[in-house]
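Novice: Could you put together the complete structure from these sequences and hints?
Residue numbers are given in the working numbering: position 305 of the sequence shown equals residue 364, and the series is strictly consecutive.
Be a bit skeptical, because a hint or two may be false.
[As the list claims (entries may be wrong)] Label pairs and their calculated CB-CB ranges:
1. L576 - L253: 31 to 39 Å
2. R663 - E626: 53 to 61 Å
3. R98 - L576: 31 to 39 Å
4. A178 - D477: 24 to 32 Å
5. E626 - L576: 39 to 47 Å
No wet-lab data here; the hints were simulated from the structure. Even glycine gets a Cβ: it sits at the ideal position worked out from N, Cα and C.
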Amino acid sequence: MSELLYRLGRSAATRPWTAIGAWVVLALVVIASSAAFGRELEESFEAPGLDSYQAAELLAEAQADEGGVTAHVVLQAPDATTQVVPVEAALAELPHVQGTTSSVSQDGDIALVRVQYPAIEHLEASDLDNLKEAVADLREDSSLTLETGGDLFFAFEEAPTGLGEVAGIVVAMIVLLIAFGSFVAMGLPIGMALFGLVVGITSMKLVTYLIDIPAWAPELAAMVGLGVGIDYALFLVTRHRENLAAGMAVPEAVGRALATAGQAVIFAGGTVVVAILGLLVAGIPFVTGGGVAISAMVLVMVLASVTLLPALLGLAGHRINGRRRRGADGARRPNHRPSTGWYRWGAHVTRNATAYLVGAAVLMIALAAPVLALDLGFPDDGTKPESRTERRAYDLIADGFGPGANGPLVIAVDISQDKSVVAPLAEAVAADPGITAVGEPAIDDSTGVATLVAQPTTSPQDVATQETVLRLRGDVIPAVLDGSSATAHVGGQTATFADLGDRVQERMPRFVAAVLLLSFLLLAVLFRSVLVPLKAVVLNLLSVGAAYGVLVMVFQWGWAADLIGVESTVPIVSFIPLFMFAILFGLSMDYEVFLLSRVREQYRRHGDNTRAVIEGIAGTGRTITAAALIMVAVFSGFVLGSDPVVKMMGVGLATAIFLDATVVRLMLVPATMKLLGNANWWLPQWLNRLLPELDSAPVEEPVEVGSPQIGV
Numbered sequence: 060m061s062e063l064l065y066r067l068g069r070s071a072a073t074r075p076w077t078a079i080g081a082w083v084v085l086a087l088v089v090i091a092s093s094a095a096f097g098r099e100l101e102e103s104f105e106a107p108g109l110d111s112y113q114a115a116e117l118l119a120e121a122q123a124d125e126g127g128v129t130a131h132v133v134l135q136a137p138d139a140t141t142q143v144v145p146v147e148a149a150l151a152e153l154p155h156v157q158g159t160t161s162s163v164s165q166d167g168d169i170a171l172v173r174v175q176y177p178a179i180e181h182l183e184a185s186d187l188d189n190l191k192e193a194v195a196d197l198r199e200d201s202s203l204t205l206e207t208g209g210d211l212f213f214a215f216e217e218a219p220t221g222l223g224e225v226a227g228i229v230v231a232m233i234v235l236l237i238a239f240g241s242f243v244a245m246g247l248p249i250g251m252a253l254f255g256l257v258v259g260i261t262s263m264k265l266v267t268y269l270i271d272i273p274a275w276a277p278e279l280a281a282m283v284g285l286g287v288g289i290d291y292a293l294f295l296v297t298r299h300r301e302n303l304a305a306g307m308a309v310p311e312a313v314g315r316a317l318a319t320a321g322q323a324v325i326f327a328g329g330t331v332v333v334a335i336l337g338l339l340v341a342g343i344p345f346v347t348g349g350g351v352a353i354s355a356m357v358l359v360m361v362l363a364s365v366t367l368l369p370a371l372l373g374l375a376g377h378r379i380n381g382r383r384r385r386g387a388d389g390a391r392r393p394n395h396r397p398s399t400g401w402y403r404w405g406a407h408v409t410r411n412a413t414a415y416l417v418g419a420a421v422l423m424i425a426l427a428a429p430v431l432a433l434d435l436g437f438p439d440d441g442t443k444p445e446s447r448t449e450r451r452a453y454d455l456i457a458d459g460f461g462p463g464a465n466g467p468l469v470i471a472v473d474i475s476q477d478k479s480v481v482a483p484l485a486e487a488v489a490a491d492p493g494i495t496a497v498g499e500p501a502i503d504d505s506t507g508v509a510t511l512v513a514q515p516t517t518s519p520q521d522v523a524t525q526e527t528v529l530r531l532r533g534d535v536i537p538a539v540l541d542g543s544s545a546t547a548h549v550g551g552q553t554a555t556f557a558d559l560g561d562r563v564q565e566r567m568p569r570f571v572a573a574v575l576l577l578s579f580l581l582l583a584v585l586f587r588s589v590l591v592p593l594k595a596v597v598l599n600l601l602s603v604g605a606a607y608g609v610l611v612m613v614f615q616w617g618w619a620a621d622l623i624g625v626e627s628t629v630p631i632v633s634f635i636p637l638f639m640f641a642i643l644f645g646l647s648m649d650y651e652v653f654l655l656s657r658v659r660e661q662y663r664r665h666g667d668n669t670r671a672v673i674e675g676i677a678g679t680g681r682t683i684t685a686a687a688l689i690m691v692a693v694f695s696g697f698v699l700g701s702d703p704v705v706k707m708m709g710v711g712l713a714t715a716i717f718l719d720a721t722v723v724r725l726m727l728v729p730a731t732m733k734l735l736g737n738a739n740w741w742l743p744q745w746l747n748r749l750l751p752e753l754d755s756a757p758v759e760e761p762v763e764v765g766s767p768q769i770g771v
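Specialist: Encoded structure:
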């Protein structure tokens with residue numbers, strides 16, 4: 060593989076405009092095709108096989124109002140009974156509104172108007188805009204207090220973003236400028252990543268021809284793609300500059316950089332893709348679609364790194380170095396030596412390997428311990444900041460109609476073979492201690508579907524509400540339908556999110572096992588070792604576990620939550636552990652592959668394991684630190700948003716990358732490799748014969764990594 064990459068790098072650097080032109084044409088084709096033929100992204104959170112999914116299917120079959128999307132407008136006024144009439148009339152006139160219903164609290168101060176829309180595939184973001192404009196007009200024409208919320212907001216409202224992402228990119232630029240001391244060297248990784256981002260995001264509407272992509276996937280894919288794109292470019296530019304400093308011509312330096320660091324980038328990206336595609340075993344369509352979207356973005360970044368970036372490096376020539384690193388003729392400085400400070404750190408850790416192994420492991424395990432209290436759920440409008448209208452509407456509904464009014468349960472009953480069960484079923488559900496009221500049953504004779512809307516006594520986030528759902532499914536409904544051919548399913552948003560949490564917990568073990576096995580095999584092929592990939596798997600599990608633990612401490616326990624704008628404790632979104640595990644496990648392997656590729660390179664030169672570990676740290680420590688700072692900056696930018704879900708992803712990813720690049724990669728890895736000695740590179744002969752052989756050596760002898768004379 061290294062020979063192929065070497066030739067690819069030299070070719071791109073020698074004929075840069077050919078590669079750049081090909082990428083420009085590709086980008087134009089993708090953008091034009093997406094605009095002309097692209098399909099809309101999905102807004103669904105469905106998971107076939109769940110009881111709530113079966114309820115939604117029945118409601119859709121009957122075209123029941125409860126099967127569509129709802130919004131609500133809450134009015135607070137001394138005489139809400141009369142004030143609500145013009146409000147409801149104005150809302151009923153909006154496009155796509157199928158109907159409205161209103162109710163007034165017992166004290167007459169709060170009125171609730173529920174606005175019914177068709178299924179989400181028949182709607183678009185403009186419907187939410189129309190609702191907001193109508194409410195704004197109503198506010199201007201009166202002194203009423205009007206707040207809005209509901210499913211329509213959940214489907215189409217985009218949390219304020221932009222500032223965080225821009226801040227992350229600015230920090231990345233500063234880090235690259237400090238690391239390279241050159242505006243050209245700083246600009247190439249940023250430019251390549253942004254170009255890849257445009258191609259990747261635009262292609263999402265074309266990928267939908269293969270699999271449905273959820274509407275939220277592009278934002279998550281952008282978060283990951285931006286981070287890995289800059290990191291991969293950073294790895295390659297660093298190695299290229301080392302080669303220039305060793306006296307190579309520009310095309311040769313590019314080719315050698317691609318043959319060494321480029322191979323690490325391909326395997327790192329491949330591990331990210333494999334880890335994320337492990338989401339396929341979760342059996343949740345929208346999770347699978349999100350995983351495919353992120354994987355596609357990572358693939359675009361890998362391809363750009365090994366084709367577009369070499370062309371840009373060839374075009375930049377010696378300008379990739381700052382003026383202080385170039386002579387009067389623009390050529391390189393004659394010497395390049397790794398950081399003495401990082402060499403000293405590597406020597407220090409290997410001298411005290413046992414102490415660092417024990418201390419760092421205890422720290423990581425302590426951070427991971429709170430994962431035992433992990434509570435999966437889904438933040439609702441009640442967890443949003445009070446500055447949001449959805450939160451204020453939620454509080455008004457709870458005050459006027461009870462906490463359960465924010466999360467009604469929708470029971471769909473198939474009565475095509477037995478219509479007599481509707482009345483006794485409604486009575487039994489109403490008699491349950493967890494239900495405060497049941498609406499009048501709606502019966503569709505043409506499809507044989509009846510609909511019951513039940514209001515729990517507790518809020519959607521309350522554990523008692525989940526217990527009520529389980530009781531209805533396990534005791535109440537079976538008791539009424541015993542001996543009848545009718546069937547009933549409990550749905551609604553509250554039940555759906557509870558079911559998704561259960562599905563995630565059920566599928567998580569096999570998903571984790573699949574990712575671990577595939578990652579182990581990939582690393583075994585690359586490093587021709589058993590212990591190196593095994594160690595990597597274990598240490599990456601520690602990083603992911605620590606990230607989970609921090610999420611529990613911040614979002615469930617509220618530790619320092621106010622510092623990031625979280626006003627109340629919230630459960631961890633049910634599908635976030637799946638995505639975090641896949642993404643973090645893959646990203647952690649980036650640094651593992653980059654570091655260990657350099658360690659193995661040096662070990663193959665002289666056969667001294669301890670020296671190779673120190674030289675690996677000395678040669679990559681600065682780059683890994685810079686890469687981690689960039690990742691942390693990009694992910695931390697999402698913490699500045701107001702959506703708790705986005706905050707969770709930002710906190711989790713930033714925490715894990717920080718710990719992985721510091722505690723794990725610069726302490727645990729060198730300590731364990733020192734203690735394992737030459738056993739790091741042991742591979743049984745039978746396994747060696749089974750694994751495919753890769754040419755992981757450089758085309759020529761690797762660049763000499765100088766070793767300052769410091770005692771080991």
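Novice: Which hint numbers does the structure go against, in order from smallest to largest?
Specialist: Hints that this structure does not satisfy do not exist here, as all of them hold.
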